[in-house]
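Novice: Line order of the protein sequences matches chains A, B and C. For the first sequence, this note's numbering begins at 272 and goes up steadily by one. For the second sequence, this note's numbering begins at -2 and goes up steadily by one. For the third sequence, this note's numbering begins at 30 and goes up steadily by one.
It should be emphasised that the hints constitute simulated quantities derived from the structure, not laboratory data. Careful: at least some of the hints might be erroneous.
Pulled a few chain B residues facing chain C out of the computed Cβ check, cut under 7 Å [what the hints assert, rightly or not]:
1. Ser41
2. Ser53
3. Val55
In this text, a Cβ means the ideal position worked out from N, Cα and C, and glycines have one as well.
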Amino acid sequence: MSAHAETLNQCGSCASSCHHTAQLTKLGLKIRNWDYTVALAGNPNTGKSTIFNQLTGLHQHVGNWAGKTVTRAEGAFTLNGKKYKLVDLPGTYSLLSTSVDEEIARDFVLFGQPDVTVIVADATRLERNLNLVLQVLEITDRAVVALNLIDEAERNNLTVDERALARDLGVPVVPMAARRGAGVKELLNAIEMVASGQFSARPHRIKYADERLETAVETLAEQLRVEFDNLPNARWVALRLLEGDENIINAIETRTLGKVKEAGAFPSLVESEAR
Amino acid sequence: MTLDKLKMGRTAVVTGVRNQSTERRRLYDLGITPGTPIENVMPSPLGDPIAYRVRSAVIALRREQAQLIDVEE
Amino acid sequence: MTNNSTAILDAAARFRREMGDNLHDKLTEAIYADAGQIAARAVSSGEQSNGVNFGQFFDRLVTSRWFGFPLMILLLTVVFWLTIAGANIPSAMLGELLQGTVYNLLHDFASSLNAPWWLSGFLIDGVYLATAWVVSVMLPPMAIFFPLFTLLEDLGYLPRVAFNLDRLFKRAGAHGKQALTMMMGYGCNAAGVVSTRIIDSPRERLIAIITNNFAICNGRWGTLILIGAIFIGSTAPPALASLIAATSVVAIAILGVIFTLLVSAFLSKTWLKGEASSFSLELPPYRPPQIWQTLYKSIVDRTLIVLKRAVLMAAPAGAVIWLMSNVNIGEASVAAHLVSFLNPFGLLLGLNGVILVAYIVAIPANEIVVPTILMLTLNMAKSGLAQTGVMSGIDDDLQIRQVLTEMGGWTLLTGVNLMLFSLLHNPCSTTIWTIWQETKSLKWTTVATLLPVVLGIAVCFLTASVARLTGLI
Ligand SMILES: Nc1nc2c(ncn2[C@@H]2O[C@H](COP(=O)(O)OP(=O)(O)OP(=O)(O)O)[C@@H](O)[C@H]2O)c(=O)[nH]1
Ligand SMILES: [Mg+2]
């Protein structure tokens, strides 16, 4: 077995006591006056809701299939005196979503302005999961990668070198087996470091071959920031415009760009039919 | 050939996706991009859809979608 | 649209022409190229263990041409058989305790206080008794069924069911993920309706919403299991009774799937015309469930929550039933008027007036159908007399059967048609509200509400007519 498997096992055994040393208090639904907002994003079925439940003490439904969570759920915890609002999102394969549940996730990651985005990745399907991780790292440097299902990876004789991964991605990577509470303490640590700005990330950015692209993106992004007062992630929106993304073009025409809906609310069928 | 012609248990490499719409994006998001190996894992009891392994995930596609994906064995 | 946003869109279009159309592909390919490199550096795989092969072997089996469907039915039957066989004794024990011992204690206590008859009647024979019924009838089967179902879910079996059924859904012009929303509906239809958000095409999503009611929910499993046990199981020799009862419940569940497909096909040929859109469904690897944690969670998170809802609905329903049975208009009670008004129509459908009244009382929650039927049946039979002691005698299936056949005049047809009507009637009020929330369309909410009842009436009328013509009753 690999070295990190041992550390994990140690951690698994102290999962409950760790909470005391890290001074975590699960606050459930008592969400008020929070200091930081933390979003849980990731591919479907990677354990986001499991982690959410571990940190907040709530009981989001979990199940072994993609698409169990379809609404945005919120909960809270305090850690070393600071209060965090945690947002569980539906799973999504990329930030270019097409269904309502994926749109909820995308809108929050892009326009909800979370202080920390935890990207939950499945250690047994790392390559596919990195697609979303890299997309999110394009738009934020305040991110943590939770490398979940490490126990499953071990069962399948896969070892993931989380240090190499952290080096390549430029953000903290925390191996976890969330279902049995392993890695929770380390995740909290990483969230705290990133939220408080103690960790300065140098996230991986994709290099695009075409040089004209950079000028185009910056020109459009600047116009967007002016038009949609300080739109976050204007560069991302600009890229989508360059791709001719109809969703985004529509959002600009109807001036709904960047508006995040309330938790639980979503575009009704009639609205989406009209699109 | 197109993906729907791939026999069970065989692996091929994706050479392209024909459709231009959101469908193509969806397939790309699932990791079905040119150069990716893809294996026919098993058909469903009624023959359609078929489950394919791609980038270590198993994903079921209906025949109409498999027909959009060009592969080379 | 303002001038500025037009300007932005124009500029974007200009850049797009300069750089070509396939920018998105290039970007995605660039991302995947990086992802591939990073993953290759980070992941190393040792020897493949047996676990992988086991998963694949299992997958080939549960989705195989010959065994896929039979295994699905077998698994479902085993789950219900365990539920029915296992719930029998605890149900009887709970019944004896709640409707016997505690009930008598409460009445003794009330008479020691010299409470007026209407007060103790209202509180004990109304509110308390309805609640006690719901608990003893619903709790044991739920406490067995939910954990079993959750184990299957955690293992990863549900997406395989969707995979197996997809061909049929495609032919019905529906989305492949509709099968998954159906699975959610087996827990709760309101949750099932919300889960249709995973379907991206509005047309197919509406179909999924309208047909979700054909997935039998928590509130209805209890009714089906009980009636299946006392009317169908009891026709078989005792050793086979539970198995036959389980089979009858599975038959109703399968009928639900058939209705889902037929109605989906009908909708996609008429009001919601269109071709089945594409779909992709990930089959997650089997993950060994954590047995104890699953048991604990499904009991705390699911059973108790459903029970709480049932009790919250049963208490006021008990009060309503008691009042209806004890407030008279002219010679007879309100309940008697209602029942005799609906009785001819009920009988035409192979049901009766009591059942129809029960389904009206139970619009807020399907869970209370059986307790309502029992209380009304007893009240009708004994109308005018004091109720004390009557209900306390009924604490197992045999006695429930006796009450229904002897006092309610039920036959095998009544039992079968109640099971059919339980599958085919309007969604509960929570689900109706959720459908409205999700569609914001009065038209589709109405369709989703009324369509199943109309079907239920038609189907029950059909079976009743066949039974009559063939002289079965
Ligand atoms: N073996 C193992 N299983 C896990 C772990 N974490 C989660 N699971 C299981 O994985 C499945 C998916 O977990 P969820 O928390 O529902 O995943 P999710 O990311 O919220 O999924 P969606 O809401 O569908 O996007 C469940 O069956 C969990 O019990 C883990 O660390 N190890
Ligand atoms: Mg979830």
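Novice: State for each hint whether it applies.
Specialist: Here's how the hints hold up against the structure:
Annotation: interface hint on serine 41 of chain B holds; nearest CB of chain C at approximately 5 Å, less than 7 Å. Contact between serine 53 of chain B and chain C, as hinted, is not supported at the beta carbon level, the nearest pair being about 9 Å apart and thus beyond 7 Å. Interface hint at valine 55 of chain B: satisfied, since its Cβ lies 4 Å from the closest Cβ of chain C, which is below the 7 Å cut-off.
Checked against the numbered hints given earlier, the structure breaks only hint 2 and satisfies all the rest.
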